[in-house]
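Chain A is fixed; fit chain B onto it per the hints.
2 protein chains.
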Amino acid sequence: MNRFYFPTLNYSDSEIIVEGDEAHHIISVMRKSTGEMIEVSDGEGQIIECEIISIKKKQVFCRVLNRFHLDKEKPQFKFLVPVLKNPNRFEFMLEKLTELGVHEIIPFVSENSMRVSDKNSRWKKVLISAMKQSHVDFLPNLHLLSNFNEIITQINLSNSLIFHGDVEGEHPGELRLQKKISETESIYLAIGPEGDFSEEEKKILRSINSIPVKLSNNRLRSETAAIALMTLIKNLKPEASQ
Amino acid sequence: MNRFYFPTLNYSDSEIIVEGDEAHHIISVMRKSTGEMIEVSDGEGQIIECEIISIKKKQVFCRVLNRFHLDKEKPQFKFLVPVLKNPNRFEFMLEKLTELGVHEIIPFVSENSMRVSDKNSRWKKVLISAMKQSHVDFLPNLHLLSNFNEIITQINLSNSLIFHGDVEGEHPGELRLQKKISETESIYLAIGPEGDFSEEEKKILRSINSIPVKLSNNRLRSETAAIALMTLIKNLKPEASQ
Numbered sequence: 001m002n003r004f005y006f007p008t009l010n011y012s013d014s015e016i017i018v019e020g021d022e023a024h025h026i027i028s029v030m031r032k033s034t035g036e037m038i039e040v041s042d043g044e045g046q047i048i049e050c051e052i053i054s055i056k057k058k059q060v061f062c063r064v065l066n067r068f069h070l071d072k073e074k075p076q077f078k079f080l081v082p083v084l085k086n087p088n089r090f091e092f093m094l095e096k097l098t099e100l101g102v103h104e105i106i107p108f109v110s111e112n113s114m115r116v117s118d119k120n121s122r123w124k125k126v127l128i129s130a131m132k133q134s135h136v137d138f139l140p141n142l143h144l145l146s147n148f149n150e151i152i153t154q155i156n157l158s159n160s161l162i163f164h165g166d167v168e169g170e171h172p173g174e175l176r177l178q179k180k181i182s183e184t185e186s187i188y189l190a191i192g193p194e195g196d197f198s199e200e201e202k203k204i205l206r207s208i209n210s211i212p213v214k215l216s217n218n219r220l221r222s223e224t225a226a227i228a229l230m231t232l233i234k235n236l237k238p239e240a241s242q
Numbered sequence: 001m002n003r004f005y006f007p008t009l010n011y012s013d014s015e016i017i018v019e020g021d022e023a024h025h026i027i028s029v030m031r032k033s034t035g036e037m038i039e040v041s042d043g044e045g046q047i048i049e050c051e052i053i054s055i056k057k058k059q060v061f062c063r064v065l066n067r068f069h070l071d072k073e074k075p076q077f078k079f080l081v082p083v084l085k086n087p088n089r090f091e092f093m094l095e096k097l098t099e100l101g102v103h104e105i106i107p108f109v110s111e112n113s114m115r116v117s118d119k120n121s122r123w124k125k126v127l128i129s130a131m132k133q134s135h136v137d138f139l140p141n142l143h144l145l146s147n148f149n150e151i152i153t154q155i156n157l158s159n160s161l162i163f164h165g166d167v168e169g170e171h172p173g174e175l176r177l178q179k180k181i182s183e184t185e186s187i188y189l190a191i192g193p194e195g196d197f198s199e200e201e202k203k204i205l206r207s208i209n210s211i212p213v214k215l216s217n218n219r220l221r222s223e224t225a226a227i228a229l230m231t232l233i234k235n236l237k238p239e240a241s242q
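Residue numbers (the numbering used here), protein chains in the order written: chain A, 1 to 242; chain B, 1 to 242.
The set of hints was computed from the structure by calculation and includes no laboratory data.
A couple of the hints might just be wrong.
Copies of the same chain look alike in the list, so a pair counts if it works inside one copy or between any two.
[Claimed, not checked] Below 27 Å or equal to it, Euclidean Cα-Cα: the simulated DSSO-like pairs (lysine-lysine) are:
| no. | residue 1 | residue 2 |
| --- | --- | --- |
| 1 | Lys57 | Lys124 |
| 2 | Lys214 | Lys72 |
| 3 | Lys85 | Lys32 |
| 4 | Lys132 | Lys214 |
| 5 | Lys202 | Lys85 |
| 6 | Lys237 | Lys180 |
| 7 | Lys124 | Lys85 |
| 8 | Lys85 | Lys125 |
| 9 | Lys179 | Lys237 |
Bear in mind the structure is a predicted one, so any value in this text is a computation, not a measurement.
Just chain A, with the same shape it has in the complex (with noise of 0.2 Å):
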């Protein structure tokens, strides 16, 4: 069944209404017609599955069959993505963590970032088609772009995990982690940008007791090492500890 985003849904309603853009995907781009079913997202683990009853210029009315309400996952997956010098990878690389279930993305610049500007609107739209077309239930936070130290001082480190990539760093089998992931309340991730993390950012990350992660014995882009590193994480078991 195909999956579309309304943020605003109404949760009691039997009937909801799609507008806007939405509506307009669901007309004009996917020709649903009255009769189909849809899935609708409001992008915070609400999902309605509903029939199209009719269709309005720019409104898509449906009635609801099933509501399902999931709750926040925990660990929350939070990644660093450093901005890059070219667009398509970066969103590329956003596109592939929303796929692959980041919770927040916080997009950073640092000392060796080449000069760069927040297109925040720009990417929320590729978090968002991402995030349906992979019918993830949770739409990604997207932070506005900021400076990495400024970031690293945000972070609670009482109840969270924290990983980077780095070709010195641990095999992936081997991580020895302070904490179980299942008493983790929030992963962080982070990779450098194009020319890697500076000497001081590399000592700030050792100072937050940051585990170093080999992720390959190639030199990695930034958006493959993103890409690695979520899917390595994601995938440790929930038990695992030292």
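Quick look at chain B alone, frame taken from chain A:
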């Protein structure tokens, strides 16, 4: 040091002459000049560190300073990749698998594949570019496009392990292998096309003891599944078995 690709290196020479496209790349794109150091790889494990001693129109003359010859890695990672409708996504997949150290790429069409054609020489350029970028020592061997069922019959099962992405597969932390990774000549990896493997193809995969691996709780696009499967299996410990 920048790395270049020249497949017809003469192993014994104390000087080498790079010609053709790659000479153009050295001179006009990377703007190297006399006295600079470069690395030249033949894509088969031989790496030559050399100094540019003169440049002519379409020839770069280099003095050999160091020469390394790496043994073929074991096991060999051989990836059965479905050709995708979207060429950008397909080429992205090729690039990422190369960065992550794949040794053979076996493109296939199968029951649910879109109508596609073999773009072997174009795809090879993607591999070469990724190999140079990520300092990969072996250029992946790119097979001609063929049929999924035919490829399967040619696999030597006795010294191989085979894995495929499957939403109903096993968690990567729970895989039971019939033999140790380190005792295996070849590791075959496969993911389905858009629309997944057909029931018949899944039956064939079961019949050759391919191990189904659950890559994510979400529906992954084919290229994402390929990157995730490669990352997970490449990072299993060499002594991993049941």
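Hint-by-hint comparison with the structure:
1. Lys57 with Lys124: This pair counts as within: shortest intra-copy Cα distance 26 Å, inter-copy 48 Å.
2. Lys214 with Lys72: between (30 Å within a copy, 22 Å between copies)
3. Lys85 with Lys32: The answer is between: 23 Å across copies meets 27 Å, while 38 Å in one copy does not.
4. Lys132 with Lys214: Between copies, since 20 Å is at most 27 Å while 32 Å is not.
5. Lys202 with Lys85: within (21 Å within a copy, 41 Å between copies)
6. Lys237 with Lys180: Cα proximity of lysine 237 and lysine 180: in one copy and across copies (9 Å, 21 Å).
7. Lys124 with Lys85: both (18 Å within a copy, 25 Å between copies)
8. Lys85 with Lys125: both (19 Å within a copy, 22 Å between copies)
9. Lys179 with Lys237: Both, since 12 Å and 22 Å are each at most 27 Å.
Of the numbered hints given earlier, the model fails none.
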